[in-house]
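Number of protein chains: 2
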Amino acid sequence: MPAQDRSQQTLAFFDAEHSADVVNARMGTDISPRFREVMTIMVNHLHAAVKEAKLTTEEWMAGIEFLTKTGHMCTDWRQEFILLSDVLGVSMLVDALNHDRPEGSTENTVLGPFYVSGVPHYANGANICLDGKGEPLLVRGKVTDNDGNPVAGASIDVWATNDDGFYDVQQQGIQPEHNLRGVFTTGADGEYWFRTSKPRYYPIPDDGTVGKLLAALGRHPNRAAHLHFIVTAPGFDTVVTHIFTPDCRYLAEDTVFGVKHSLIADFQQITDPAEAEKAQLPSPFWQVEWDFVLAREEEIQRIRAAKTTA
Amino acid sequence: MPAQDRSQQTLAFFDAEHSADVVNARMGTDISPRFREVMTIMVNHLHAAVKEAKLTTEEWMAGIEFLTKTGHMCTDWRQEFILLSDVLGVSMLVDALNHDRPEGSTENTVLGPFYVSGVPHYANGANICLDGKGEPLLVRGKVTDNDGNPVAGASIDVWATNDDGFYDVQQQGIQPEHNLRGVFTTGADGEYWFRTSKPRYYPIPDDGTVGKLLAALGRHPNRAAHLHFIVTAPGFDTVVTHIFTPDCRYLAEDTVFGVKHSLIADFQQITDPAEAEKAQLPSPFWQVEWDFVLAREEEIQRIRAAKTTA
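Protein sequence lines correspond, in order, to chains A and B. According to numbering that gives the first Met the number 0, the first sequence is numbered sequentially starting from 0. According to numbering that gives the first Met the number 0, the second sequence is numbered sequentially starting from 0.
Treat each hint with caution, since some may be false.
Since copy identity is lost for identical chains, a pair holds within one copy or between any two.
[What the hints assert, rightly or not] Derived DSS-like pairs: lysine-lysine, alpha-carbon spacing no greater than 30 angstroms straight-line: (1) Lys50 <-> Lys259; (2) Lys306 <-> Lys259; (3) Lys211 <-> Lys306; (4) Lys259 <-> Lys53; (5) Lys306 <-> Lys277; (6) Lys132 <-> Lys53; (7) Lys132 <-> Lys259; (8) Lys306 <-> Lys68; (9) Lys277 <-> Lys259; (10) Lys68 <-> Lys53; (11) Lys277 <-> Lys211; (12) Lys306 <-> Lys53; (13) Lys50 <-> Lys306; (14) Lys68 <-> Lys132; (15) Lys132 <-> Lys277; (16) Lys50 <-> Lys211; (17) Lys211 <-> Lys68.
These are calculated hints, taken from the structure and not from any lab test. Just so we're clear, the structure is a prediction, and the values are computed from it rather than from any experiment.
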């Protein structure tokens, strides 16, 4: 539309009452309809928030400086904006919006920034705790479909911090390479098992802007103790999830809101030395039985299609 | 509150329906009440926007990458987040929310990123167009209070791009230092006048993420032609504003939404050579008469107090 025509529009000039409409009316006609939809919603809520908060010029400037410093914290190995999204619950929200599954399926939770691909594949039973720190743990269970049928050949990618609260990639040269990481594969009966150490809580990196934000909000930076998993099998929807220990003091206040009721596992301390010998672990040791329930991809497609037409 | 108590709360675990409440419930009790208020509103609208848009994981990641790159564009001399705020109309909104004035007062508009302090003070009549480019312009008028009384000793700080569309600070070593900048002072009659060149439209810096965003939105990066002013006088509310030429093709679509009806000035082309001689400008030349109306600080305080109690 040429400038002369636009100047006739009521919305051409800025006006605080209709500010978001003025901004959105400026979009061109020949743009991605989905981008138009998303940006319209973002601009509407951004303007509504500024108005509702009656943001002062100084507060606006503090916001600009926060975003700038957050950007400056981001490097190839650190993503402060993802951390920000995590602590504001946005990552969990996006995950929830995009992972509707049939009742009974294992739920997703956040991937987190410490996943590493290309780690060793082990036979069931291997011990991935290479530094020997922490309380020994046996993890075992099976992978099934929604009808309880075993899924053979499912891949179970696991990772966790060591007992000092750091991932191997945060302590390169200090921890053994691939400490507390490995990929296991289910047998014909869908079963898997491996040895590791009991997870403990740990703080997210809090020396940046997100750490300062948490402090100003009166929040601690700790994640509830968990093991990370990615479970994949041909024809099934990939599950990115954790299991949580029930006794962690931060269970109810995980700083990235990753805890779901369905992901709290039953960690049992086993004191029978015979059991320890069988598990090839010192006595006492911890044991958790955990089954993953995968949804078939066609079922996921059916749910998404139903949602879109709803 | 200790972890045991919090774990009893319904809102302890994340749930997409109440996601913003879950996040906001995590704030500590001993924090700034205003920070709590602002963050609660921001988190509410952020979550509402993500839900309304049904943001996909890929779109969320595109947002993270956009913010990261925008942060990486920011340097000591370039503020891409302010530019983002400008093109999304947020800067104008914050300005509007914070600059209520009595009817008839000169309205504010955006400061923009090219203001420089410590520029030369000139006697009225000086020509600030040091590179001689563009069409000559005489600017004259007076500064008054809301009752029309002249304000003597008011300071008028003016800046503009040259006829190539760049500020001196964008072309250091190419333009003369302080080209098209200067501070004038009103006499006892409140009058001021100076010579310059007629402003032209120009693009905001569009080689960064904001430029890419504008392109994706089908928007151009141009600002409507204007002169910048900061007008100050002891006892009066400082005015940060522009005057716009009425004939600019981008008047109705200024990319930062800075145009207000009340700030469009009457630029007249003067063809009488005698007038040109009097103005010490070549013939023909442009002339604009523009009065600034300042509000008394106590009046501003009264308006703000009334708003707060309303």
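Here is how each hint holds up against the structure:
1. Taking CA atoms no more than 30 angstroms apart as the test, lysine 50 paired with lysine 259 passes between copies only; the shortest distance there is 19 angstroms, against 34 angstroms inside one copy.
2. In this homomeric assembly, lysine 306 and lysine 259 come within 30 angstroms of each other (Cα to Cα) only inside a single copy, at 23 angstroms, whereas the closest approach across copies is 44 angstroms.
3. For the homomeric pair lysine 211 and lysine 306, neither the shortest alpha-carbon distance inside one copy (39 angstroms) nor that between copies (32 angstroms) is at most 30 angstroms.
4. Within a single copy, lysine 259 and lysine 53 get their C-alpha atoms only as close as 35 angstroms, which misses the 30 angstroms cut-off; across copies the closest is 21 angstroms, which meets it.
5. For the homomeric pair lysine 306 and lysine 277, neither the shortest alpha-carbon distance inside one copy (49 angstroms) nor that between copies (75 angstroms) is at most 30 angstroms.
6. Taking the closest pair of Cα atoms, lysine 132 and lysine 53 never come within 30 angstroms of each other, the shortest separation being 52 angstroms inside a single copy and 43 angstroms across copies.
7. In this assembly of identical chains, lysine 132 and lysine 259 lie within 30 angstroms of each other by CA distance solely inside one copy; the values are 27 angstroms within and 67 angstroms between copies.
8. For a Cα distance limit of 30 angstroms, the shortest separation of lysine 306 from lysine 68 qualifies neither inside one copy, at 39 angstroms, nor across copies, at 34 angstroms.
9. When the C-alpha separation of lysine 277 and lysine 259 is checked against a cutoff of 30 angstroms, the pair qualifies neither within a copy, at 32 angstroms, nor between copies, at 80 angstroms.
10. Taking CA atoms no more than 30 angstroms apart as the test, lysine 68 paired with lysine 53 passes in both settings, with 24 angstroms inside one copy and 28 angstroms between copies.
11. For the identical chains of this complex, lysine 277 and lysine 211 are neighbours neither inside a copy (48 angstroms) nor across copies (61 angstroms), given an alpha-carbon limit of 30 angstroms.
12. Proximity of lysine 306 and lysine 53 under a CA criterion of 30 angstroms is satisfied inter-copy only: 11 angstroms between copies versus 37 angstroms inside one chain copy.
13. Within a single copy, lysine 50 and lysine 306 get their C-alpha atoms only as close as 33 angstroms, which misses the 30 angstroms cut-off; across copies the closest is 14 angstroms, which meets it.
14. Taking identical chains as interchangeable, the C-alpha atoms of lysine 68 and lysine 132 are never at most 30 angstroms apart, the minima being 36 angstroms within one chain and 39 angstroms between chains.
15. Proximity of lysine 132 to lysine 277 under the C-alpha cut-off of 30 angstroms is restricted to the intra-copy arrangement: shortest distance 21 angstroms within a copy versus 89 angstroms between copies.
16. Taking CA atoms no more than 30 angstroms apart as the test, lysine 50 paired with lysine 211 passes in both settings, with 25 angstroms inside one copy and 27 angstroms between copies.
17. Taking the closest pair of Cα atoms, lysine 211 and lysine 68 come within 30 angstroms of each other both inside a single copy (11 angstroms) and across two copies (21 angstroms).
In terms of the numbered hints stated before, the structure departs from hints 3, 5, 6, 8, 9, 11 and 14, listed from lowest to highest.
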